[in-house]
Structures are given as structure tokens and as C-alpha cells.
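A.B. asks: Here is how the chains run, residue by residue.
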Amino acid sequence: MAVTKLNQQNNTRLKGIGSTQFRREIPLYFMLVPGIILVLIFSYGSMFGIIMAFQNFVPSSGFFDSKWVGLEHFKFMVQLPDFRNVLWNTFFIAMMKIAAGLLLPVTIAILLNEVMKQWYKRFIQVVIYAPYFLSWVILGGILFQLLSIDGIVNQFLGLFGVEPILFLGKPSIFPYVLVASDTWKNMGFNTIVFLAAITNVDPTLHEAGAIDGANRWKQIWNITLPGMFPIIILVATLSLGDILNAGFEQVLMLYGPALYKTGDIIDTYVYRIGLINGQYSFAAAVGLFKSMVSLVMVSLSYYLAYRLANYRIF
Amino acid sequence: MKKLTTNLLLTMMFMLLIAACSNGTDKPSNTSKPQATPNNSSTTESSSSGDKYDPPIKMTFAVGRVDADVVFPDGQSTKDNQWTRLVEEKLGIKLDVTLAMPKGQEFTQKVNALIVTNDLPDLFTVSEEEMIQVDQLIQAGIAEDLTDLFEEYASPLVKQLMPDEALEPLKRNGRLYFLPNLQRPAEEGFMTWIRTDWLKKLNIPEPKTFQDVIAIAEAFKAMNPTKNYGFQAGTESWDMYSLSGLFAAYHAYPNAWLKDANGNLVNGNIQPEVKAALQSLQNLKKEGLISNEWTLGDDGEKARQDLINGRVGIHFGQWWAPEWPLQLVKDNDPEAEWKAFKFMSVDGQPALHLQNTVSLTGLYVLKKGHSNPEALIKMLNLVADFYWGENPQADPDNSNLWKLAPGDAQPWGKNIVFMQSIEKALKSGDASKLHPGEQVLYNMIEDYNNGNDEFWGVSLEYGIDGSLGLYDSFQWINNEFFGTPTVTMNTKQANLNKLFEDAFISIVNGADINKFDTFVEQWKKQGGDDITKEVNDWYKSRK
Amino acid sequence: MVADKTIGSRIFVIANYIFLTLITLTCLLPICHVLAISLSSKAAVATGNIKFWPVDFTFASYQLVLSKSQFLTSMGITVKRVVLGVLINMLIVVLTAYPLSKEVRSFRPRSIFAWFFVFTIFFSGGLIPGYIIIYYVGIIDTIWALVLPGAVQVFSVVLLLNFFRGIPRELEESAFMDGAGHFSILFKIFLPASLPAIATLTLFSIVTHWNSWFDGLIYMNTPENYPLQSYMQTIIVKMDQQFMRGASKDLIKSLNEQTLKSAQVFLGALPILVVYPFLQKYFVKGIVLGSVKG
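Protein chains in written order, with the numbering used here: chain A, 1 to 314; chain B, 1001 to 1543; chain C, 2001 to 2294.
Derived by calculation from the structure, the hints in this document are not laboratory data. Don't take each hint at face value.
[As the list claims (entries may be wrong)] 30 Å max Cα-Cα, derived BS3-like pairs, lysine-lysine:
(1) K1227/B <-> K2238/C
(2) K1103/B <-> K2068/C
(3) K1525/B <-> K261/A
(4) K2285/C <-> K117/A
(5) K2238/C <-> K1079/B
(6) K1103/B <-> K1171/B
(7) K2042/C <-> K1227/B
(8) K1330/B <-> K1424/B
(9) K1171/B <-> K1159/B
A quick note: this is a predicted structure, and the numbers were derived from the prediction, not measured.
Use the sequences and the hints to build the structure in full.
C.D. replies: Okay, structure coming up:
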């Protein structure tokens, strides 16, 4: 890594002043102490707890006296139809969310940029940020109200002769309700980055375009969009890491047993089999599986982001 | 750099390991500390069951049955109530209620969290729906073996209320690991509740056949075709979305192990009768007699709202349906009247009512390692004596404090017994012989007769021709299996249940009826056949 | 920008305004609808005719909700949690971001520490091991279980350290020459210079703590200790009749579960809805600075 090289180069130069350098660094170590302790306990500590995935964990025996079973839970997991189903749901819902979560905000950002009345633009922005700041409990309460069979959405659709739809009770529709509501929650907030990218597009390009007689459409198509391209690629790449994050709190809030078939995702599954059914070790194994896949995907996404967009986390 | 990082990580892991380890060993010794002192002093004097512990002993208690109907009288609370006071005063037991919640998933989750951290209270309740949790506890060696304690300490009254034949099926390998809240299975039978004020309004006679019931459902829907529907459905955890009456009409009894003509046990879910029932349900749904939202995962809330708002007039429920939810209908519409009917069938054969061989409404588990495990039995004696002893007492009106008691013992078929004596008292006008529990109900019914609709539901249950009396006329079919979950059940039952639910829901919602045959195939292949064999082995071993 | 006046572009402008207005309405109307229901009477709600304006106006639902001691207790717990949680979050973020923003030259183990923190974004122990650790620390059923496990917000640290790096090095070096230590440089130079970032992170921290509910649901063994959103979750998923108990007959006449739930949803959303518009200019700036740097 580049950093290490730099480090070595510096080392030769710094050797002479090693002790003074260390003295100067002491406060920096102190500053890190609280964060390190907390991360050590709560993040790394729980990683240690993962060993229960390789045991038949018996609470009264604890981590040290529970029986080791090796990969048994993983073998069981792989051949369980339930698990395959859950894995697919997770992947499907997450992918759709990533796609819709890119498309809509990019569109809104471009269109917002075309709004000339500044006060109206600001008003729109403030309003569409709102859902982002509300929890899934609140939004769940709102959605239950809106989407019920005689709720206002179905009343509205009824005006066009649409039969009432069971949005939150029909397995075939439920994943799309998840995707739509999630995209809706985050659309405003996600436009921020894209709007910033647009303002970074060289305005002289637009002026040149306008003089050339290009209309709005062409300007968007030929100037704005290509200008945003790097950031779109970057956001898309980074969201690869969320490939198994289909939205735990949202699903837990909105689903019910009738929707397990299409709505159950890895996180809710772990919660159910672990804390409701009490199969701790198996739940931990499923959780570990998810963490491993996520680790690979996140690493991959950062690597790609680095290669494609020269992005570095820090 | 990499090496350094790994080293650092390893060191930290190690530190943590030590921390976790020392913590882990600390815990048990903490809880077992009090064992040393009070144990010696109390065991000697505690031989006679009436004695008080001196110095008092402590027992922590998590109770998961404090439902909405528990109302504390002034000055009482979950921590300090009739029962904590009584056991301290009479037995010298300081009962510390660490958790009091309604029955349900949230409580199960809390108990599981306490199990995983090995931090269970001394005594806790488990709902009858979570028998798997109990078996996990027994296997993990966490539940105290109560067999000998019960034998030694239980009072004659308790032994009479909990006879051997009721306890025997609940034992695991011949040992008793929990105290059940026994219930007579007959008291769980479902019946058809129909809004009779609508029948009168529409001038329809009371139903005699299942076809009559369907006709009534259609008539009820016709009262307001866009909003109304026929049958209330919607609690997923409860008896096929509370549609059991429609299954029984076709002699289908899902979620039960039935005895076939050869004396073998067969699973109710895969019988051809179920297919016929599903076909009929699908038609009913098409006609709009079952709500579109019948599978909504809201614990039947929406369906209940529909019931209350007068959109549905047929409800499959148990004897206590009048108190909940039908009383809510009455509260909303004082004109509402309901009446219970037996299940009716589509053909000449009588529709049977399913009942379990044993039945509990929850149970009490004592964590292994308490210094005075016999204290649990003593508390049970006290509870039994309080409600059913020589000077029986009742909870303050409507408070349902029995749900907080550290034990539960009732006469076999209590509610039916109550109803019979109350009915007799109402007819004769002589209430002097009534038990205090009965007296409370009697007064409520009198109150209702004097115009207080609040007790309309109670009157419909325990009053003259009360719903509890209907059970006498039922013809039963038994769910024959009541053992510990078999080996294959432990790993595959959940998935099989899901298969059934999927087939059930999708067929009713309009899928091809032949999907049922596919389901039966899958069910057999994915462990159903193995389970059937195990269940039959168990059945033969009991004979 | 040069405004053009062709018909095509006019149509575009109009269509654009319509589209954006519709999008805006999808965010505005649901909240109006819930508010309208919460302020309407039971009878009006049962007819299903309430759109965005209350019918048969009544405060009954709010009266009952606000008279519930558990609602107020939970609100109190949430407030306590937000104050405590945000203070701790911010302190740790600032203290952690500063050393990590240094070059390897001036803080040699910087990369090791940085990866030590960042790795926790990539990999986590999962639900049950996490629960066990929190139990072993001994903070189950206390407010600390809601505050400490998430106290180190690694994403915020990364955002702030990137921000810190944008601060001209000369400022720091000249302060050093004057004999200032790291602590005073951090608090006297870096912090004032990064107010937009701090404001953004504070807002996020507030929102996160206000909105969290799942941790409350599982780390609190007793429901009396639930923060507001956890308490509301149990109510929205399943409200029982007990809730209405103790209400006067007059109140009961004008409310039902729907209006009650709506009232609680609105009350739970209100504080955030009031606060965020005022902070939005900061967070927009903060987000943009934090991400564009990348």
C-alpha cells in the first residue's frame, strides 16, 4: 500500500527525533482511547461472539463449555429451502432498492436544477427531505393508514376503476411496496449529492450549449448527465456493499407471517429464529454468513470505486 | 503493518476473552451465593407446607400473561400486589416480579434474551404456544425437575386439582419439569357465532345446515355489498385464521393428528377433506364472503374493526367470544345480538369439533439452582387454597389478578362447572351456594339483566343457555398427539407448517386447487413421512 | 443561464413543474392525511371520507395519548437518550477524527488505528453476539445500552476527518510554533473551522437517536424502559383495548384506534419535522463537502 511506503521513507528521516516525535503524539493517543475502548468492546467483542455459530451454544455453559459442531449449522443452512428463499428475497429487494434509489434521485436532481424559481426549488427540497428524517415506526404507521384496503390510496385508485389492492398483505406485491416506500423515504436526501455534482459541472459548457442553440433536453442529455456520470458511477459502486442489506427495520415493521414467503430477509430471519425461536447458534451462523458476504462485497465495492473513480474512504 | 495489525487484534481478542470469561464465571456464583446461608436454616423447618421461611427467601419472577384485562386495584402494581403481599405474609417469600408483560411474541423474545445471557429469573411463565422453548430449556438442563418436590410438598387440594392423569402426558421421560395451567380440552372447542339481530331484521330463521350458514353469510353481505362480507377471518396464529368452522363443515381438521380407520395416526393437513374445504373457501372468497385482507399480518386487528363496525356477522370463536371481541360490537351498537351454534356440515354426517388430548394455557418453569425449589410448590398450594380451599376467595371485581399469581390451579373444566351452577342459581333465584368466583359472575349477569350492557358478554357465556352449555352437545374428534416434539419435528416442523400455510393461503386466494396435491407431495418428502412414522411409534409406545 | 422561449421548452418547464409538484405532494399529503385523521372524530373516520382536512374536529385522541403515563415516560427516556447519546457521539467523533486526520508523518500508527475503526463498517458480529456482549458489560435495561454500543459512528468519523484535512495546514503549524498542544489546536482551530460538518453530524446523531427503536425493543427487558419509538412500535403493530381504559366516556365516544394511532404517529414525528428544516442548509453543506472530497 502506498501509505506503508511513505511510512518507510519517513522512518529513516524520523529516527533521530523519535522520542520527541512520540512525545508530541501522546495527546493523539489519548484522544483515541474512548473510541478504541468502545469499539473494542462492542464491535470486536461481538465479533468474538461469532464462535457460537460453530457451537451448539448452551447459555448455561457459555462460549467455553458449549459443544463444538464445526460447520454443521452452515451445512444445515445451505440445504434449508427456507434459507435459499430468504437469500433470494434479500438479494432481489436490495437490488431493486439500489436501482430505484439511483434512478429517482438522479432524475429529481436534474429536474430540480431546471427550476428557475429559487423559492420553489428550496421549498421542494425541504419537503422531500421530510420522510428521510422519520423512523420506520412512524412511516409504518403512516403506510398502514394509507395503504389499507379502504385507505386513501385505494380510494384514489378506485377513481380510475382499479380494484382495491392489498398492498401490505399480498406476497406478490409486498417486495415492490418495500422498494417503493424505501425509495420514497430516501429520494429527497439522495438528491443532495447529485445536485452538488450538477453545480460542479462547468457552467460555461451550458452557456456554450445555449449559444449553439441546444434546447433544454439536449443540454441535459449532452452536458448535465455526462457531467454527473462520475458521481453516479461512484454511488452505484459503493451501494454494491448493500447487496444483502434489504432494510431490516422497514421489513420488521411492515411484514407479517403471510408475507414471509416474499418479504422475509436475512436480517429479519436471524431475528426470528434467534430471538423468537431460540435457535441461537443457527441464527448466529446465518448472521455470520451475511457478514462474510457483505465483507467481500464492501471490499469489492471500495476497490472498484478506487479504480473507477479514484475514490478513497479517507 | 499487516502483521502488527493482526497481533494487535489478537491481543485485544485475548483481553476480551479474559474479560468475558471472568464475567461468565462470575455470574453463576453470584446467583448461587445466597444458597449458603438461608438454605441450611430453612430446609429444616420447611418440612411442613404451612411454614414460613425465616429469614424470608427471595425469588425473582417473570410473568408473561399480564394481558390487557388485568386491572390493578388502587395501590397495587406489577411489583406490589395481592400475590406478592400474600406469599410474603404467609410463606416468607419475597417475590420480585422482574418482568410483567402480556402474552405474546414480545415476551417470548425477552425470555429468549434472558436465556441466551443465562440471566433467567428463578421463576417464569411460558406460553403454551412456546412448548419448543420449554423443551429447549429442559434439554439444556435449565429447568428444575419438579417430580419429587411435587410428590412431597403438594397439598391434597392441589393433587386433586392436578390429577396424575392430567400431569402424566406432560412429563418428559417420566419427569415433571413445569407446572401447567391445566385446562379441560373441551373448553377450547370452537363454535359458530352469528348476529341474530340481523337474522331478525332480514327475517331469516336460525340455521340448521351448513347451506343455511352460507345463505346467511350471503344475506349479510347483501346488506351492504361493497363493504360487508360473510365470515370474519384474520388471526394468523389462531386456528387457520379463525376459519375452522368452514373446515369442519367438510370434515377437515388441519393442524391435528387424527386416528384413521386402522387405528394409525395421520396428519390432518394432508387429508383429501382439506382439499374439498379449500376449494369451498376459494369459492367463498371469490364471492366476497371472505375479506380480501384475511391474511393481513395484524393479528386480526383489521378484521376486528370490521366486526365492530358491523361489516361482518359470522365469527368462529370459542365460548368466551362474547366477552372478546363480541362485547366490542355490542359497545358500538347496542342493538347487536349474537348466538352460538354447533358446527354444521355439508352432508349428512355431523361436523365434529376438534379437541386436544391435553390442554394448557401456559406453564411455570423454575430455573434450576434455586436454594428452595419447594417454595414453588408451596406457592401453588397457597394459590389453590386461596381460590378453591375451604374459604375460597375471588379476585377484586374484573381485576384478573390470578394472572399474576405464582402458580395456577383450577378445577377440571372450571368454566363449564361455573356455568352450570350459575344457570341453576339464576333459574332458582338462590345464589347462596355459589362459589365466590361464581358469585362475581352471577352479580355481573344480574347487573346485565338490570340493564347494564357492559356485562352482556358474560351473560351470554355463563347465563341461562350460555355458550358454555353448548359444549355438552358437541361431538368431538381428538388431536391424538400430545408428546414432546419428535426429532424430525424439531428441525422440519416449522418448514412443513409454512408449506401448509403457503398452500392454504394461495389456494384460498385463487390458485389452482391441484396445488394441494403438490403440497401433499412436498409435505411427505420434506420430512412429513418421517414425522408420521415417529408419531405412530410414540402412539404405539403409549399403549 | 440563458432562458429560451421555444414552445418545446415551455412544455418542458410546465411538465417539469407538474412532475416535481407531484413528487413534493407524495411527501406532504401522507402527513396531512394522518394529521387529519388524528383530529377527526371516530364516527367521521369510520365513514372513510377523511382526506386531508379533519372532519368533526376533536382533540380527544391527543388528550388521551398525552394523559398516558407510559407515553410521557417513553418520551422522557427518548429525550434523555438523545441528549446523552448526541453528546457522547459528538465528543467521540471529534476526538477520534482529529488524530486520524493527521498524516502518517505526524502520527505514525494512524493507518493501523484508521483500519481498526473502519473494519467495523465492513464486518459485524450480528444480533445475538452483540446482545450477549451488551449483557456482559452489564448495561442491559439501562439507558447506556441505547447510547454506548453505537457511540462510535465510524462513518461520521470518516466524514469529519476528511473535513479536517481540508483545513489549511499552516494554521495548525503556526499554532504549534506558538506552543499550542493538540487539544487546544483541535478545540480552538479545527472545531470552529468545521462548524457545518459538526452541525450535520449533530443533526444526524439527533435523528438517529430519536428514531431508533429496535435497540430499545431488545435491550430493554422491561417495557417501562422503552424509548418513545420502541413504545410506539408495539402500539402501531398491536394496540389493545387496554389503551382506552381509564379514558372518560366522552373521550371514548370521539376516538378509536385509528385516530389514536394517528395522533401518536404525528406526535412522534413532530419534533423532527420541526427541527430539520432549520438545520437543512447545514447538512446539505456538510454532506456535499464530506462526499465531494472523496
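A.B. asks: Which numbered hints are broken by the structure, listed smallest first?
C.D. replies: Violated hints: none at all, because every hint is consistent with the structure.
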